[in-house]
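As you go down the protein sequences, you meet chains A and B in turn. When you number the first sequence by the working numbering, it's gap-free, plus one each residue, and the end is 321. When you number the second sequence by the working numbering, it's gap-free, plus one each residue, and the end is 1341.
It is worth saying that the hints were derived from the structure and are not from the lab. For glycine and all other residues, C-beta sits at the position ideal for the given N, C-alpha and C. A portion of the hints provided could be inaccurate.
Among the chain A residues that face chain B by a calculated CB cut under 10 Å, a handful are [what the hints assert, rightly or not]:
1. SER156
2. GLY191
3. ILE255
4. GLN256
5. LYS267
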Amino acid sequence: MSAALDVRGLTTRFATRTGHVTAVNNVSFSVEPGRILGLVGESGSGKSVTGFSVLGLIDAPGEIAGGQVLIEGEDMRALTPEAQRRMRGRRVAMVFQDPMMTLNPVLRVGDQMAMAVRVHERVSKSAALARAREALEIVGIPAPAERLKAYPHQLSGGMRQRVAIAIALLHRPSVIIADEPTTALDVSIQGQILAEVRRLADETGTAIVWVSHDLAVVSSLADDICVMYAGRIVESGPAAEVIAAPRHPYTQGLIQSVPSLHEPGRKLPQIPGSTPQLSRLPTGCPFRPRCPRATEVCASDPPDLGTGGRRVLCHHPLETP
Amino acid sequence: MTAPLLEIRRVSKRFTRQAGLIERGVARLTGQGAGGTVHAVTDVDLAVPQGEVLGIVGESGCGKSTLGRVVSGIYAPSEGEVVLNGQPVARDRHGASQKLTTKVQMIHQDPFASLNPRMKVGETIGEGPRVHGFGTAAEIRERTGSLLEQVGLEASYADRLPHQFSGGQRQRIAIARALAMQPELLVLDEAVASLDVSIQAQVLNLFTDLRRELGLTALFISHDLSVVRHVCDRVAIMYLGRVVELAGAEDLYRAPLHPYSEALFASVPTLGTGRASFHPIKGEIPSPLAPPPGCAFHPRCPMAGPRCRVEVPRLKTPVQGARQVACHLHDGGTQQKDIAA
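All chains, please: the whole structure from these sequences, using the hints.
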């Protein structure tokens, strides 16, 4: 099957007073229809900027410096700005972390959803509202007809996020980028949304990129995982394999710092140091100063090892058992 | 048996909102009430012995942070009292009390907001001891340096400003500031929630070390069940202002008794179990402005019976074990009983 989204060598940088900072560094991944890709990383790893770059939503002082973003084979970056705008929302959509920022507070849910339909298609308002209702049903909102008349402030956080997901679904896009969409929600509500998203991918065949800092959420939801560090994908592969047998020392450190895997009260294995500043990265492997396996060779760029769907960017990867 | 260090005796905290001018007008015209009362914490009874770390767990709006603030003396309780070392803590009308402000120290969630950006780190840590006369300026300066080393930083960092530190380092500074007052009780309100996973592990390890060295007693407020399990001896689960279950961390995580605790554990994704099938709790958390009658969890509870809709379950010890649960299931069943006066 061909990929719904194929990202090749994507590089995004920002101009700062002290020179260029490369937030996304030669990132490649692909997602097939109906699959969920988890893009995991800590703050500053470039995971959100990667999501924005896929949609071409990078403004000055940032710029996408290279690479291709193929949506069902069509290169977003080769299109005119106007053609890109027509792609966004229709064939690739985005869900953000804070639904209160996504929704217009002074418009009824139905009105803003109908508007989103009619931006891309010439349909009557009533037909657009019917589509909106249908989308609300898909994301599991009870009594969708009443919710269409509600204002965003009348909905709870979980309901608002469902509305935001429903808006992304309006045009049945082939790809949805979701940036930390459950981070602001309570665990019981997060559980509900994760269940809906999994069902959505399975039933509608939408390809989903799920950007998150939460390894546990990603491991239980995603089919594949990409781990980002300092703007690069340092490891990728099927979710179960990456979690069970990580090959990059950073991935291993990240998994081991999760408290639930250890006996209560014991000290957690910790990654020393702090997350790096992109403007002051060391040469070669950016993880080098914090890495227990680092040697002199790590001062040169790490090789891309592995094959097919299982890759690791490291001079000294852990052996697979 | 010695008395517990901290006793929270039947504490309730309500917030009453005054209706605005227009709302009062509308209320008069429509004949409906205006304003409202949020029952943030209702009838909470807890005791924390010396050296214990008690976890307070719940989702947003369950009252866990309000409870932490009542214990810290930021809020005065509407009812009940907080007892520290056997002494009821008297307060002025703002809830403040000399004893509490020195003996109970709080560590907040966001180290970017809790440190004054214009004060040098050393001044921030030394301010409390200086105000309360813990020693001469030279003594306080020396102690500030050793505190910084104790939390894994360097004594020379005392002359730096908060913006020169990362999130994890700032949280260490906040911990040093709390320890500077030589508190008997620490209240940590989501103290690691804003940190990255790798940094979170470092701060949790620091807390484990300090606990062993200093024999700290603490309330550890968090929504993160895996973090709570790692650091707490006992855990209280709160729902809509009440404690619904109180048990040793081991017992609770092995077999939660309250249907809400059970559902909460079921909705948390865990690492290493592979792709999960989710069994989320149905429905939403009701508004604390109008909590449901009877058991607050009954509209979402799969086990609810007629009794749950009318009678508030009390926190009781069921047949087995040293744990407490507030659920009719473990106290005679959920069917309607004669509720004699």
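Going through the hints against the structure:
Hint on A:SER156 holds. Least Cβ distance to chain B is approximately 5 Å, under the 10 Å limit. Because the smallest distance between the Cβ of A:GLY191 and any Cβ of chain B comes to about 3 Å, under 10 Å, the interface hint for this residue holds. Annotation: A:ILE255 was flagged as interfacial toward chain B, and the flag holds, the nearest CB pair being 7 Å apart, inside 10 Å. A hinted interface residue such as A:GLN256 counts as satisfied when its beta carbon comes closer than 10 Å to some beta carbon of chain B; here the least separation is about 8 Å, so the hint holds.
Hint status for A:LYS267: holds, given a least beta-carbon distance of 5 Å to chain B, under 10 Å.
Against the hints set out earlier in the document, no violation occurs for any number.
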